[in-house]
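Participant: Below are the chains, spelled out letter by letter.
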Amino acid sequence: MGKKLLSLTLLLVLVLAGCVQTKSEVESEGKGTDTKGGPEEKVKIEVLGMGSGEEDLNIVRDQLIKNGFDVKLNIQPDYGTFKAQQEAGNYDLALSSWTTVTGNPDYAVRALFKSDGANSLVDDEKVDELIDQASTETAEDYTNTYKQLEQRLVAEKAYIAPLYNSFKAQGVNKKVLNPDTVRLAKSRAIAWETIDFNDAAKRTADPLVTQQAIGDLTSLDPIKGNDGSINTLNTNMYVRLVNLTDDDKVVPDGSLSYNYAMAEGNSDYYFLLRNDINFAAVSDGKAVDTGERVGAEDVVFSLNRAKDKDSVPDHRTYSLHEHIKNAEIVTDLSELEKATVSGGDETVQAALENGLDTKLSALVDDKTKADNSQGSYQVVKVTTTEPFPQVLNYLAHQSAGIVSEKQVKSINTYDVATFDVDKDIPYGDQRTVTEGAGYNNQLYASGPYILVKKNDYQADFVKNPAYRAGSEFEPKISAVTVRFIEDSDSALSALRNGEIHLFNGVPETKYDLVEKDDNLLLQKSDSNAVTYLQFNTAGRTVSDSENLRKAILFSINQDEFLNYYHGNKKKAYSTLSPLVDTGNELIADQNQVNEFLEAYRKE
Amino acid sequence: MRQVKSMKDTIWKRHSLAVSTEYTQANFTWVLSLVLTVIFLWNSISFKTGDVHPVVFGLFCVWAVTTVFQVCITRKMKKDLLQTGVIQPGTRHLGYVQLVGLLAGNIFAGAFAFNLVNAKKSVEYTFAVYTLLTQLAVLAISSVNLFKPYVSDTFLPSMGTLLLIGLFYLVVLILIVLHVHEYEAPRWMTWVALLLLATAVSGNLFALLLGWSLLMKTRSSDHSRMLKWNVTWEKITRNSTAMLGMFFILLMLAISITSRFTFDYALAVENNYSAILQPPSAAYPFGTDNFGRDVFSRIVFGARISLLVGLAATIVPGVIGGFLGAIAGYYSNHVDNWIMRLLDILYSIPGILLAIAIIAAFGANTVNLIIALSVGAIPTYARTMRANVLMVSNYDFVDSAKALGESDFAILFKQVVPNSLAPMIVKSTLTIGGAVIATSSLSYLGLGVEPHIPEWGNILKVGSSYLETNSYLAIFPGLAIILLVLSFNFLGDGLRDALDPKLD
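Keeping their order, the protein sequence lines are chains B and Z.
Per my numbering, the very first residue in the first sequence carries number 1; after that it's consecutive.
Per my numbering, the very first residue in the second sequence carries number 1001; after that it's consecutive.
Among the hints, a few may not be true.
[Claimed, not checked] Think about it this way: if two alpha-carbon atoms lie no more than 20 angstroms apart in a straight line, the pair counts; the simulated EDC-like pairs of lysine to aspartate or glutamate are:
#1 B/LYS186 <-> B/ASP581
#2 B/LYS66 <-> Z/GLU1270
#3 B/LYS44 <-> Z/GLU1270
Calculated from the structure, these hints are not laboratory results.
Here the structure is a predicted model, which means the values were calculated and not measured.
Let the hints inform the model, and build the full structure from the sequences given.
Facilitator: See below:
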């Protein structure tokens, strides 16, 4: 019996062996002869990222390993530790992302790649030259310049390896909110004032509940921060000279200006200010009208401190405004009559008066004296250091928000050079609005809403009673609550169970959940967010070897990213891809990887 | 008088029903069998479309038949026991029929049937049965790879080897039925035993137990030692849940060793974008995850880390804590105070926080994970050991060893410690489950091994974000963790019952 069984078993194994393919058979069929070469030592690459980018890191790891690298992942739990690791230089590749919130290409490259940029690791003369050249050009001309810049950054020098361009997706509770009133813009942060409930009776009774990931607010002084913790909040708390439409056109709608005009020469910009916005302050947990008008003096003060590196300690946005040479109040009406608009015969005055009921009859330099209904207006002129049409995009950014000259000066009494973070409390410090003993809300808001208080879980806003009251831009909903929910899956749950009404940032892999839900509406649009790998440019093997960087660059297969995200991403070549159609594309190529690796080994 | 006798008879028969472990196991088996049958039925029908999944429904049918048959056997056993006080040979022969249930993967029915057909069971018989069952389960799990587009290069030779070993186990089972008795075995069985020990390299530790047991019986004439061995193991093997737990643990161990040759690691770690989030199928029994990796392979390879970290994070503090506890318990108050108060300080830090702190400071990898989980567990082992040593060192044999002039160190580690080990073993098995959970928890929090490495906590983490759309991604790793922890707890309970002298 034993013998029979044994022979039966052997027979079975033989039969199985006939119909089963082994791994090496399959692999040799697919590739023909494998020419991976001898057992050379693998190049070790350390990839740094955050826990939130775990999926991308895994795809990068997988692609690099399949191309013959040895990969070590360094995953940090949050941005702070990630930044610390990056500053310590403990990486070869860092998973980075960039969102061009101003909607203009200059912003997409200046801070990131110019040798003196705030976030730049690149020091390349040719890159600097191209960025400066493109900034003076108009949209028709700069495409080619930016194309060259991209090629320099990626194909020639491999300073970055692009991964993808994301979409923006926003889930709206359509049972509570009127979805037509909820905007989803490509670049700018969401405007709360337009949002309305389905049931208008709830406007004063219920707050609008929305969400953001970061609860530690950098600063509520607009020039002291430019990150996800405050962009939306400051956008809604401070009015600006101009705004961006949902597809990134510069317009005066919902801003402090009636109209603006770019004068011939592209260096002088005029803004005609409105007189129906007052600053709001918080008193006893309620917003009160301070009676102080938002006027040209405040605009000049705000823009001059925005461009001045030394106006405050920790100035984080001066590089955005370095092209502003001067901001001043225009009192001479004849200046507007003489100047003509760029590329046209129309006078600046005519351009500014366009659509106004009462034409300009006088210009005043004191904001309390302006009375638009009687024809007396305030006009601000911004001059740039060189012709720079994209300055308008920067003026639409939250960092160009208008603050009260009087209030800010009365609080920022410290000396900037000897500023002591433990002793001096600057304007907009989050400690002053955090519940508890240190609470002392001194904010003056020029925008539609003002922050009353915050804690670790949420921030409470109420509407500015003196913000264009009676017009279509008057905030519809009286109160806004911003919940701090870090994890996107938790935020999605909160949206689905009705805890929040609005969730900006639905993960790509969860679109179908929102679409299937009867209470929810998924709004999708393009965005300017690009995810890329930043090479370490100092002190590492990848910093010195261009060949090694290129070997890594050509290992990146963007199609696999698109597959992973169910096609809910777009290919990108650099941070410019969503803004300028340069036609560049990164194509993964194993032969190139092998060639560059070989070249690297010979170095 | 006659009435009294018949009453006594009835009481005796009722008693025999109550004490019959086979009857208990029969009940245990049909209940478990029924539960799984219902689960199969539930999964075979799609509630949205009303479609019936043919394969799962087929499984349900076969399981339903074995369950019904099991219920019949159980009722017949009850009748036998109530009428005659013993299970009749006819009933026992039904067990041969029930063995067929193994083909459908009903391991409970199989284990029960093996138990039923043999009226006089030696410990070796039970070991041999479980050795064979484990081998069959390993073969069944590995052969699932046949449905994959390709198998690893070593798949065929290793499957052949495993099959041959399985046949050998079957032969051994038959030989044991024919030749092995309670306290003796023929001399030539030594060779069989040695072969069994050699095959235990494949991870089937039942073969090790069987080989060791046979070796003892063929070589040794120390009757008391064999008695102790037999009694201990009989207590454990009588306990169905403990045996089931032990079976699952050893199966996982065997799988994690043989998977090295029968599974392809690339399927578990390499991304495959053409097979993202596939539902369970023949090629991917547990489906694929968001990167197109085979969840089944990932769970199989994950067993390796869970077991390794779980065992190491128990043995390391067991040895260190045991050593410190022994010293503290045996030597003077002064030493005792120093060691125990220092350990109390360590004890006052929450274990999982300490682990998180260590991982955060030294980075996440397997070795650090073991260290992190071990450090916090040292005090509890030290306390257990110290208490036992305090008790054992008052025994007479310690005094006599002292009188014979043995050194303190020798007395402690030759006399006292070996006699204090039983509670330590029980404690280890009971806490090993906690270590497995801690490993998975840390990975789940992103503090364990790297995310792409198949580890049960990692797999569960991926699954947790697809709970609604692809729930199988979380269910299977979750079940694996639950089953392993439950198994360790069942085995620990069984060991405690068997080793605790107070329960005799």
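Participant: With reference to the structure, classify each hint as holding or not holding.
Facilitator: Hint check results:
1. B/LYS186 <-> B/ASP581: holds (16 angstroms)
2. B/LYS66 <-> Z/GLU1270: Roughly 9 angstroms separates the two Cα atoms, so the pair holds.
3. B/LYS44 <-> Z/GLU1270: Given pair B/LYS44, Z/GLU1270 holds - Cα atoms ~18 angstroms apart, limit 20 angstroms.
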